[in-house]
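2 protein chains.
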Amino acid sequence: MKIIDGGVTAPKGFSAAGTEAFIKYENRPDMAMLFSKEPCIVAGTFTSNVVKAAPVIWDAKIVKETGTARAAVVNTGIANAGTGKQGMDICKAEAAEAAKALGIKKEEVLVGSTGVIGEQLNTEKLKSGIRALAGKLSDSRQAATEASIAIMTTDTVNKEAAATFEIGDKTVTVGGMSKGSGMIHPNMCTMLGYITTDLNIDRSLLQKALSEDVKDTFNMITVDGDTSTNDTLLLFANGLAGNEKITAEDENYKKFCEALHYVNETLAKKMAGDGEGATKLVEVLVTGASTKDEAKILARSVAGSNLTKAAMYGNDSNFGRILCALGYSGVDFDPDRVDISYESEGKSIRIFSGGIKADYDEAEATKILDHKEVRIIADMHMGEAKATAWGCDLTYDYVKINADYRS
Amino acid sequence: MKIIDGGVTAPKGFSAAGTEAFIKYENRPDMAMLFSKEPCIVAGTFTSNVVKAAPVIWDAKIVKETGTARAAVVNTGIANAGTGKQGMDICKAEAAEAAKALGIKKEEVLVGSTGVIGEQLNTEKLKSGIRALAGKLSDSRQAATEASIAIMTTDTVNKEAAATFEIGDKTVTVGGMSKGSGMIHPNMCTMLGYITTDLNIDRSLLQKALSEDVKDTFNMITVDGDTSTNDTLLLFANGLAGNEKITAEDENYKKFCEALHYVNETLAKKMAGDGEGATKLVEVLVTGASTKDEAKILARSVAGSNLTKAAMYGNDSNFGRILCALGYSGVDFDPDRVDISYESEGKSIRIFSGGIKADYDEAEATKILDHKEVRIIADMHMGEAKATAWGCDLTYDYVKINADYRS
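Note that the protein sequences, when read in sequence, are chains A and B. 1 is the number of the first residue of the first sequence in my numbering; add one for each residue after it. 1 is the number of the first residue of the second sequence in my numbering; add one for each residue after it.
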């Protein structure tokens, strides 16, 4: 696998665009389009929230029933969730308009929305946005970036990643973009994410690769414990790499999974580090757990603890918060056997061991915590399983962003 | 039942005191004592956290094994959690010192600690604090208040409640105090709480009354989702009211449960409204749920949602956050049938109905939210069950308090 600079247009045959459609705000791009010149098979994972936005219902039906698509249209500003029958009608009109502009069927258009819940979208604005996007589509590097910028909401940076790998003499590429900053929590991909690849692969294997990888990537990030109504991750494969079709979990399938994992993990970490108001990415590595599932539960409990997150913001080596979050996770363990350390830029410091505070220098711990990327390591000394979760610190700005989000 | 002004000294035979023992901070009372001149039976509920503080282990053993006690000693500043064998030795020394000062056995002394995790208590400071407290014990109204002030940490107000009821010609009194502000979350009483009564009752019924009532009171409040290592709620009954002993779940038992519920609910609501940095108490009432358990899960999900809490701080009528929190609670329901309203000071406004935003005035909604006590009502239209949870808003000050709690 080779990491490359790129986004959703990196694989062959994919074009993208972003534009300003004045959906809710001015002076910011707020609509994006993704298009494949050849038909794609498509895999997807969606929010576990009982309340599902109209576009989630539309997309999930297509992924389940035909599993094929050629385009995606996304708007920000309004989520088209809690919008009843009218919201679903708008969603269909959006797909129809895109189909007309692109010369494809409306059932080949996937729709994504993110923003305020409960407000209705203006169909005319959407339609003129779609027409503008169709006219701007390009397979350039820049077009991918413009699309990734157009799907941002409270994100402070756009999020892209890409990688390639070889199957025989064919180069296969995987590219992706995502948005997500608040309403980020394990239990679905918790964001909008679009992954493209020119791989030729069986549809059920494409879905399997995505569903499996999400468990270790997008489902292991947490910003605030709130699982959104709109979470959508879509993976398009158009086969243009020209490889012999993958139909079994063979070596080539594994190569694809590796590249997909790189793209997913990179996007997931970018989302966690860009949590609303966050000043740092906090990685939580749990080792020595009895099972992988328990390792995940423990890691997510620490990454999701408001008290731990606030302490991280203050560079406060308050390991009690970490011990406490491990303790209420629901996993049983012996506190006297747990080791807790901090790590950043290759330096690490043990702060808790043998049931008591380790003999360490507070100033040194504070220095290690004072970085843009910090790792908390908890060794449970119960078994061999491990897992990583990603989160961020909790800051004044998180509150500011969310105290009056709608104005 | 009659609500009275009072605290832990309201029932006959109980005395209390608070003092400054310089445990960790200066210029604040940081130790409290509670004493009954007659032996008590005692009931308790404790943290569900796997990591249990030394005093929790000590108290839980006494409650389980003998179920009798006469005194409680509490310190703030240091939690005596994550302190290993040394922490347990300190806990025992504390009980022994109190026993000596009060002329009782050390197994009759319950111990409570709250504060920073992982630091060791200074035994000499504790001992001199205990001697001072024993000398100050009083059954006055003022002494109860002093004790309730001495157990505060980041609390901004002390928390007391009391009620009386009649059994024949005997008046029975229930009084209580509690502390708790951060690290508050359902799944145990999430705080330190001390309830006293002069009721004469069978020990197993005393425990049953407490265990049952906690489910609807202390376990229904949430500040930040972090369940502490030290949560302890103790209920002392010394029998001095002189009533015929309650040995069955009869009318008199029910009267006691009613008074206990009043005291518990009052303390629980005071704790939720005094959440770290909070500006308001947020009550979440879920009605029309299929089962009581589902109603509780839904109510707690909304009360615990960071995004809902931040919106409450901004008086922002962002019902999408509420709908979303209901949706990820884990309970299945039909979003199109849910009604959501806000209520304060007798005025209410419906903001979501029939799957879409209700036709309401934003300014009016903001006005209703701009109060010290606000209620969110969600009618699920699925059945007859209902539940109430209590929380608070999420503010800049929560982050400030917790970003550098230890300094």
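These are calculated hints, taken from the structure and not from any lab test. One should not assume that every hint holds.
[What the hints assert, rightly or not] Here are the simulated lysine-lysine pairs, DSSO-like style, with alpha carbons at most 30 Å apart: (1) A:K254 to A:K269; (2) A:K269 to B:K400; (3) B:K269 to A:K386; (4) A:K61 to B:K269; (5) A:K85 to B:K400; (6) B:K85 to A:K400; (7) B:K269 to A:K400; (8) B:K367 to A:K372; (9) A:K400 to B:K400; (10) A:K125 to A:K105; (11) A:K347 to B:K400; (12) A:K24 to B:K367.
Checklist entry - CA of K400 of chain A to CA of K400 of chain B, is that 30 Å or under? => result This hinted pair holds, its Cα atoms lying about 13 Å apart.
Checklist entry - Holds or violated: K254 of chain A with K269 of chain A, Cα cutoff 30 Å? => result holds (22 Å)
Item to check | 30 Å limit on alpha-carbon distance, applied to hinted pair K61 of chain A and K269 of chain B | outcome: violated (45 Å)
Item to check | Holds or violated: K85 of chain B to K400 of chain A, with C-alpha atoms at most 30 Å apart | outcome: violated (44 Å)
Checklist entry - Do the alpha carbons of K367 of chain B and K372 of chain A lie within 30 Å of each other, as the hint requires? => result violated (40 Å)
Checklist entry - Within a Cα-Cα threshold of 30 Å, do K269 of chain B and K400 of chain A meet the stated pairing? => result holds (26 Å)
Checklist entry - For the pair supplied as a hint, K125 of chain A and K105 of chain A, is the alpha-carbon distance within the 30 Å limit? => result Between K125 of chain A and K105 of chain A the Cα gap is close to 21 Å, so the pair holds against 30 Å.
Checklist entry - For the pair supplied as a hint, K269 of chain B and K386 of chain A, is the alpha-carbon distance within the 30 Å limit? => result violated (40 Å)
Next on the checklist: For a C-alpha distance cap of 30 Å, please report whether K347 of chain A and K400 of chain B respect it.
Outcome noted: Holds, because 28 Å separates the two Cα atoms, which is no more than 30 Å.
Next on the checklist: What's the verdict on K85 of chain A and K400 of chain B, does the C-alpha distance respect the 30 Å limit or exceed it?
Outcome noted: violated (44 Å)
Next on the checklist: Run the distance test for K269 of chain A versus K400 of chain B: straight-line Cα separation, threshold 30 Å.
Outcome noted: OK: K269 of chain A and K400 of chain B at ~26 Å, within 30 Å.
Item to check | Given pair status - K367 of chain B, K24 of chain A, alpha carbons within 30 Å | outcome: holds (24 Å)
The earlier numbered hints that this structure contradicts are 3, 4, 5, 6, 8.
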